[in-house]
Amino acid sequence: MKAVLTILLSYIASLTLFAGPLDFTVKVFGLEEDFGGIFIYTIAQDHDGFIWVGSDDGLYRFDGVELINYNKKDSTISSLVTASTVSTDGQLYFGYFKGGVSKMVHGSYQEIFTHEDFPGKIVSLTEDRFGNIWALSQNKGLVSISKEGKFSQHPAGALQGKLAYSMVLINDRLIIAGSEGLSVFKTMSGGVLDYIGNMEAVKSQSVLSLLSDVQRGMLWVGTDGDGVLGIPVDDAFEKSPLQRAASRQLLNSQSVTAMGEDDLGSLWVGTKSDGLIQVDLNEGTAREEKYTYFNEDNGFIGNEVNTVLVDRENEVWVGSFGHGFAQLNRAEFHHYELGKRFKIHSANGFAQNDDFSMLIATDQGLLKAATPYGSDTLVFEKLPLRGVKDQNTTVIFRSENGVFWLGTRDRGLYWSNDELASFQKVDLGKVDGLNETIRTISEDPDGNLWVSVVGNGLLKLSSNGTVLQQFNTRNGFYHNEIYYSYTDSHRRTWVAAHLNGLAVIEANGEIKYLTKDNVFPSRDVNSITEAADGVLWIATYGDGIFQYVNGEFTHLGKEDGLLSNYCNSVRHDKGGNVWISHREGLTFINLGTSLIRTFKHKRELGETEIVINSSFIDDLGNLWFGNPYGVTKVILPHINFVDQPSITHITDLRVFFKKVDLLMFSKQEALDDILPNDLNLPFNQNHITFDYVAINLRKPNAVFYRYKLNGYDEEWSPVTKVNEATYTNLDPGDYEFTVQESYSPGYWSQDFSSIQFTISSPYWLRWWFYLLEIFFVAAMLWVTFLFVKKLQNRLVTKLMIFTAVFTMFEFVHNQLEPFFEKYTQEAPFMQVFMHLGLALLLFPIENSVTYYFERKRKRSLSLAEVEEQKN
Amino acid sequence: MNKLTIAIVSLAAFFLIRPVAAQKIPSKFEHVEALVTFGPEASPLWGDDDHVQVFFFIVPTFFTKPVYIRVFDPETVGLDDEASGEWDTKTRFSVFGGLATYTEPDARKIDPVGNFKSGQLLATREFYNEEQYDQSWYSFGPFNPLEGEEVPELGGNVFKVIIEGTSGNDGNLYHFFLSTDSKTNMAVEGSNAFTYEYSFRLPLSAKVITHLYPFADSKVESITQYNFDLDLEGEILLYTVAKNRHKAAGSVNTKWAQSNHQLVAEEKNTTLDLQIVKTRDSRNDMVMYVVNQYGEALPFFSVPVGGPPKYKYKVNVTYKKTGTSY
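Chains G and F, in that order, are what the protein sequence lines are. For the first sequence, the numbering used here assigns the number 168 to the initial residue and increments by one for each residue that follows. For the second sequence, the numbering used here assigns the number 2 to the initial residue and increments by one for each residue that follows.
So that you can see chain G by itself, here it is in the shape it has in the complex (with noise of 0.2 Å):
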């Protein structure tokens, strides 16, 4: 019973092991995103950065915020896209089951030729040097289409009866990946196809998938069964490329249906029935490969992968075949939690070992973190410390000569030159206080130590642990708490204290006291690091963060957007930007855009406290904080967190809210890039809204915009993170639309997007219109003069006078009133003010008319009795 038990907890355990892939998050697509594809045969870029997705579904494009099914907008594109590629001048093709290849040309698609030309399912497209399409069929051969979008079938004997599924250029010979092997054809100009040969490395061998890894030189096959072959692309090869052998080969057994490479290392590897596989090369370095799996046992989509893309941000975007579209988004933190397994309290500092671990200076000994072979999964064991006699350690440093030096609390330093076999005490002369606590420790270009000792100062050690020098209030340094101690590459070590500061020992041993003689600001410091453009920054406990450049100091706080103006630690990434560690959080400020982010829940860093000093940058870039009950890798930062320059698309214009047809409105025969720039709305239609986004593929919500409308904002709008701005009841005219998008609401380049546009004028604003108007008062004038004249009745001669009177004040009140409300804006006291000020006007004006014309009519009365008289 006992025994059927174990096997049974065995079984349970053993599950357990499966965990997932620890630094991505696997975003899915599905009806939620209004992607209903469930077969991917396709996935490319296009120079804009948009995705494109061919699916059982139709066609996708994806901006990072919004999956558009071109089948809906487009009825001549097939519903299973099977084949896609972007020429050089940018232009996307596309390939059909039935057959048939179509190119996008000024947002709609052109067929080039159609299934009845040609009915072979399009597997892959590709361009050559003399810019000729090339499409692969799966059994049919293959079709070349010029510059010019003329076609012709090339039957290429050398396929006939084979299947084929995929194809590269390599220089100007076009490899062809099939049933039974590699195919070797020299492409000409004109579109002329000559075959060469089958490659040996191959024979007749099934292959997939073919990957040209210009990176590394290198033709990657993978085959249907056989895994991931590397043919060296080189000489050899340039020479014979039939007999050029493989020097490679990866995942023996796999069938690989899709390959793609990023640039950090990494092969992507998609198979037929095992899911998707990384493949750390780890080249340059003594490791062998890393492989992370992403199957359905570790929760991804699927296990038929069909088709992989590296975006140019490195997102790994991946087509299943029955299980729809997933990108891969690297995690940026990952936690690991140690304080239940090894009840540490404190995870004090860290030390590359070989390449394949790392170590870790905790309250409990040291701790090797270690990544097992063919696994992504970080393993932390308990070191022995033989010789050591203290298991509280402070501080774990590699010197460049492979020497490990360990700080302990209580009982001084240790070395070992052994590989951590054991340690021998290293002898720090007379020590003031009951204990030999270390705190930190770091090495000069010359290969010395430098060891500060609480409550001792710092000491300066030779490579072999000989005390060479020692600073400390006894010979005259300004304090014996030193928390960190930094050699820059002028060969100035920095020295941080707490009370009384900093301090520069100069290369010359010359001390100086630089918050002493009140030339740095603050008295706390905690961290000093020099980035690769030379700066310095320092952090304090208090004062924030500031750099020196060119011998001064300049100051950023919290107030600057630091999560606080206490930092523990100060520590720059590959990529040249800077973190800084709180006991809330950490802070990042990206030196390109000065952009500053902070970092303090617990959901995304795992624990927010972080130990003094307690930072570390591995080989491959990643970037590690130590926290109390455990530690947090800031996972690739120098890639991670590397905004790349985007530009912002203005995808649509809408009119009161619905689609319309934009070339309803402009002369252009078809819509180029994304949007007409001749836009003429009617007047009426003048509701608008506009659509735009700059693609960010990686992480779309963190970008920014701000727009203004030329012509109607005086300003640029608040910023926002929406991706559409509307306008309402526009006048008529001429107006600009444009945007920005930035990483930092603070931080906007001069480039922006636009789109200009016009709303007409309505008839009754044309100067036709105004010179009808003109016309039909005089003639009313004229009119009410004439027929005034010869009236008697006394009201009916005021009526007429009146109306004509109020018809052309109001005339010339329509038309002055757009003036009067650039000063009285529309203030309704102004309003009546300026109403008032028109009648009170009018009333005189038309008094005086209508007495002139009495008086004259009674002139005239006058004049005729006098004459009745005189007759």
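Among the hints, erroneous ones may be present.
Cβ pair distances, simulated, as ranges [to be verified]:
#	chain 1	residue 1	chain 2	residue 2	range
1	F	259	G	327	37 to 47 Å
2	G	825	F	156	38 to 48 Å
3	F	65	G	508	56 to 66 Å
4	G	463	F	131	26 to 36 Å
5	G	198	F	309	35 to 45 Å
6	F	156	G	830	41 to 51 Å
7	G	198	F	156	18 to 28 Å
8	G	327	F	131	16 to 26 Å
9	F	282	G	203	49 to 59 Å
10	G	831	F	297	49 to 59 Å
11	F	65	G	868	24 to 34 Å
Hints were generated in silico from the structure; no laboratory data involved. C-beta atoms are modelled at their ideal positions from N, C-alpha and C, and glycine is treated no differently.
Put chain F on the given structure of chain G with help from the hints.
For chain F alone, coordinates are given in the frame of chain G:
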């Protein structure tokens, strides 16, 4: 055994024992030993007339997951295959989909002539005496069901598998399974398979009845069944909803035999049941097909459409006039 042990064993059984999928081709209804294709150099004595077999697989329209066409024992070596001297036979399996896969008239003919390889070639592989595939499964796919040809009257998308003996003279015996998984047989719900000319091995034992299920559509007035190389090792009987044990002609060695059978109205749009009752224990491979009055082949469905036919007995009742009417 105490309760805990029983619980543990039950739990283990629940996780470890997978249900055996039943969608094998030939199906459990047919009692066919295996499908057979001989190499082109094999004599007709072995029972294969043309060394080609064509099977169609229907994936229902509503099914949207990837499918695999799995072949059991696709190579020609070892157990379950018919040796003729050295194992020197190669057999090519090719999967077709897309337009004209089924609708091309040549694809539905008895003989592999003309454009019978119509449609898009989706996958192909030639097997020879590869021992690693002996008694094991090979999976073609995955295939998107939409890559088959959409045939509304069959209610789904149709894939075609052509099995050709390309060299040698041995017999390749194999099975199919239309599966949703590449590594195990997981049935595609609602799927079916059919062929127009059936090359198969009869059950080894005597008295085991093989059932073949041709479907007679509404235009079928009469059928003619053809069989090759039965070697008179049994008798062929026709059962329908209106026919009970109608005898059909059986063939002798390397010869074709045929017999014609008129159908009545109630037999239209029904499945017929051609039963071959073996009378000897032997290894016997044969070929069979059925045509209608126009010479058009009728499909043999692996899973009989509407189920196997059941003869409807008619009770001949006559009323005896016994009295006078009033």
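Results of checking the hints against the structure:
no.: 1; hint: 259(F) - 327(G): 37 to 47 Å; verdict: holds (38 Å)
no.: 2; hint: 825(G) - 156(F): 38 to 48 Å; verdict: holds (40 Å)
no.: 3; hint: 65(F) - 508(G): 56 to 66 Å; verdict: violated (46 Å)
no.: 4; hint: 463(G) - 131(F): 26 to 36 Å; verdict: holds (29 Å)
no.: 5; hint: 198(G) - 309(F): 35 to 45 Å; verdict: holds (42 Å)
no.: 6; hint: 156(F) - 830(G): 41 to 51 Å; verdict: holds (43 Å)
no.: 7; hint: 198(G) - 156(F): 18 to 28 Å; verdict: holds (26 Å)
no.: 8; hint: 327(G) - 131(F): 16 to 26 Å; verdict: holds (24 Å)
no.: 9; hint: 282(F) - 203(G): 49 to 59 Å; verdict: holds (56 Å)
no.: 10; hint: 831(G) - 297(F): 49 to 59 Å; verdict: holds (55 Å)
no.: 11; hint: 65(F) - 868(G): 24 to 34 Å; verdict: holds (32 Å)
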